[in-house]
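**Student:** Required output: the full structure, derived from the provided sequences and hints.
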Amino acid sequence: MAEIKAHEFDQFVKRRARDYRIFLIYGPDRGLVSERAGELVKMTGVDTNDAFSYMRLEASDINSDPGRLFDEANSTGLFGGEKLIWIKGAGADKGLSEAVSGLSESPPSNAWIVIEAGDLKKGANLRKAAESAAAAIAIPCYADDAKSLNLLIDEELSAAGLRITADARMALQECLGGDRIASRNEIRKLVL
1 MAEIKAHEFD QFVKRRARDY RIFLIYGPDR GLVSERAGEL VKMTGVDTND AFSYMRLEAS
61 DINSDPGRLF DEANSTGLFG GEKLIWIKGA GADKGLSEAV SGLSESPPSN AWIVIEAGDL
121 KKGANLRKAA ESAAAAIAIP CYADDAKSLN LLIDEELSAA GLRITADARM ALQECLGGDR
181 IASRNEIRKL VL
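Mapping the sequence shown onto my numbering, position 98 (from 1) lands on 98, and the numbers just tick up by one.
One or more of the hints may lead you astray.
[To be verified] Taking CB as the label site, the calculated pair distances span: (1) R68 to E186: 35 to 43 Å; (2) N110 to N49: 16 to 24 Å; (3) G118 to L162: 30 to 38 Å; (4) L190 to F79: 43 to 51 Å; (5) L151 to E3: 18 to 26 Å; (6) S106 to D154: 38 to 46 Å.
[What the hints assert, rightly or not] List of simulated lysine-lysine pairs, DSS-like, C-alpha gap at most 27 Å: (7) K94 to K121; (8) K147 to K122; (9) K5 to K128; (10) K88 to K42; (11) K14 to K42; (12) K189 to K42; (13) K42 to K147; (14) K147 to K189; (15) K88 to K128; (16) K88 to K5; (17) K14 to K147; (18) K128 to K42; (19) K94 to K122; (20) K94 to K128; (21) K5 to K94; (22) K122 to K88; (23) K5 to K121; (24) K5 to K42; (25) K88 to K14; (26) K121 to K88; (27) K122 to K5; (28) K128 to K14; (29) K121 to K147.
If you are wondering where the hints come from, they were derived from the structure by calculation, not from laboratory data.
Predicted, not measured: the structure shown is a model, and the values here were computed from it.
No residue lacks a Cβ here, since even glycine has one placed at the ideal position from N, Cα and C.
**Tutor:** Here is the structure:
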């Protein structure tokens, strides 16, 4: 079963992410899902401004035509090189699950596929397809706990060259959580 735990993500991106071609990022924390998908997109090195190597799709596009993902992932770009397919809005979609299962059996050698999904139950077909494939990995994103909130606070304050007292940290933690991007933005507003 290929699944990355929350505390392993940063090291995974640095050391092992290139061993996979299909990334399923899912969970109830939509902000963290989006943030981690963005980090994986950066890791690929594909220029998201290049229309010949980058494609952004909605899961509904694949559900209506499951073969489209296979075709896009295995097509050769006009100028060669690697491609990136970024899929948003996935859920318990049968078409996308079938497409991921098919691609997992014969993974593309020159394409990266990043899939953003909402909260998926353990038995969801899309999650099972990603967790059981050698070329795919599932990355769950749950609400931040106290430890991860402290790391987020430290990261943002350090970037601004600031420090925080223990009392202020506790008060700030009570106002954060639930959505990583919202928490990060609140800290950034305070830093201003």
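**Student:** None of the hints should be skipped; say for each whether it holds.
**Tutor:** Against the structure, the hints:
1. Under the hint 35 to 43 Å, the C-beta atoms of R68 and E186, about 39 Å apart, fit the expected range.
2. For the hinted restraint 16 to 24 Å between N110 and N49, the CB-CB distance of approximately 19 Å keeps it satisfied.
3. The hinted window of 30 to 38 Å between G118 and L162 holds, with their beta carbons roughly 34 Å apart.
4. Hint check: L190 to F79, Cβ distance near 45 Å, so the stated range 43 to 51 Å holds.
5. Roughly 21 Å separates the CB atoms of L151 and E3, a value that falls within the hinted 18 to 26 Å.
6. Checked against the hint of 38 to 46 Å, the C-beta distance between S106 and D154 comes to roughly 43 Å, which is consistent with it.
7. Annotation: proposed proximity of K94 to K121 holds, straight-line Cα distance about 14 Å (limit 27 Å).
8. A threshold of 27 Å between alpha carbons decides the hint, and for K147 with K122 the separation of about 25 Å falls inside it, so the pair holds.
9. A hinted pair counts as satisfied when its Cα atoms are at most 27 Å apart, and K5 with K128 qualifies at roughly 16 Å.
10. For the hint pairing K88 with K42, the CA-to-CA distance comes to about 16 Å; that is within 27 Å, so the pair holds.
11. Taking the CA atoms of K14 and K42, the gap is near 11 Å; set against the 27 Å cutoff, the hint holds.
12. Distance hint between K189 and K42 is fulfilled; the C-alpha atoms sit about 25 Å from each other, no more than 27 Å.
13. Taking the CA atoms of K42 and K147, the gap is about 25 Å. The hint holds against a cut of 27 Å.
14. Between K147 and K189, the direct Cα distance comes to roughly 21 Å. Compliance with the 27 Å bound is thereby established for this hinted pair.
15. Among the hinted pairs, K88 with K128 is consistent with the structure: their alpha-carbon atoms are about 18 Å apart, no more than 27 Å.
16. Among the hinted pairs, K88 with K5 is consistent with the structure: their alpha-carbon atoms are about 21 Å apart, no more than 27 Å.
17. Restraint check: the Cα-Cα separation between K14 and K147 comes to about 21 Å, which is no more than 27 Å; the hinted pair holds.
18. Using a Cα cut-off of 27 Å, the hinted pair K128 and K42 holds, with the two alpha carbons roughly 26 Å apart.
19. About 15 Å separates the Cα atoms of K94 and K122, which keeps this hinted pair within 27 Å; it holds.
20. This hinted pair checks out: K94 and K128 have alpha carbons roughly 12 Å apart, not beyond 27 Å.
21. Distance hint between K5 and K94 is fulfilled; the C-alpha atoms sit about 25 Å from each other, no more than 27 Å.
22. Between K122 and K88, the direct Cα distance comes to roughly 20 Å. Compliance with the 27 Å bound is thereby established for this hinted pair.
23. For the hint pairing K5 with K121, the CA-to-CA distance comes to about 16 Å; that is within 27 Å, so the pair holds.
24. In summary, the hint linking K5 to K42 is supported, as the alpha carbons are separated by about 20 Å, within the 27 Å threshold.
25. Of the pairs offered as hints, the one joining K88 and K14 holds, with about 23 Å between alpha carbons and a cut-off of 27 Å not exceeded.
26. Distance restraint check for K121 and K88: the Cα-Cα separation of roughly 18 Å lies within the 27 Å cut-off, and the hinted pair is therefore satisfied.
27. Of the pairs offered as hints, the one joining K122 and K5 holds, with about 15 Å between alpha carbons and a cut-off of 27 Å not exceeded.
28. For the hint pairing K128 with K14, the CA-to-CA distance comes to about 25 Å; that is within 27 Å, so the pair holds.
29. Our distance criterion of 27 Å between C-alpha atoms is met by K121 and K147, whose separation comes to about 25 Å.
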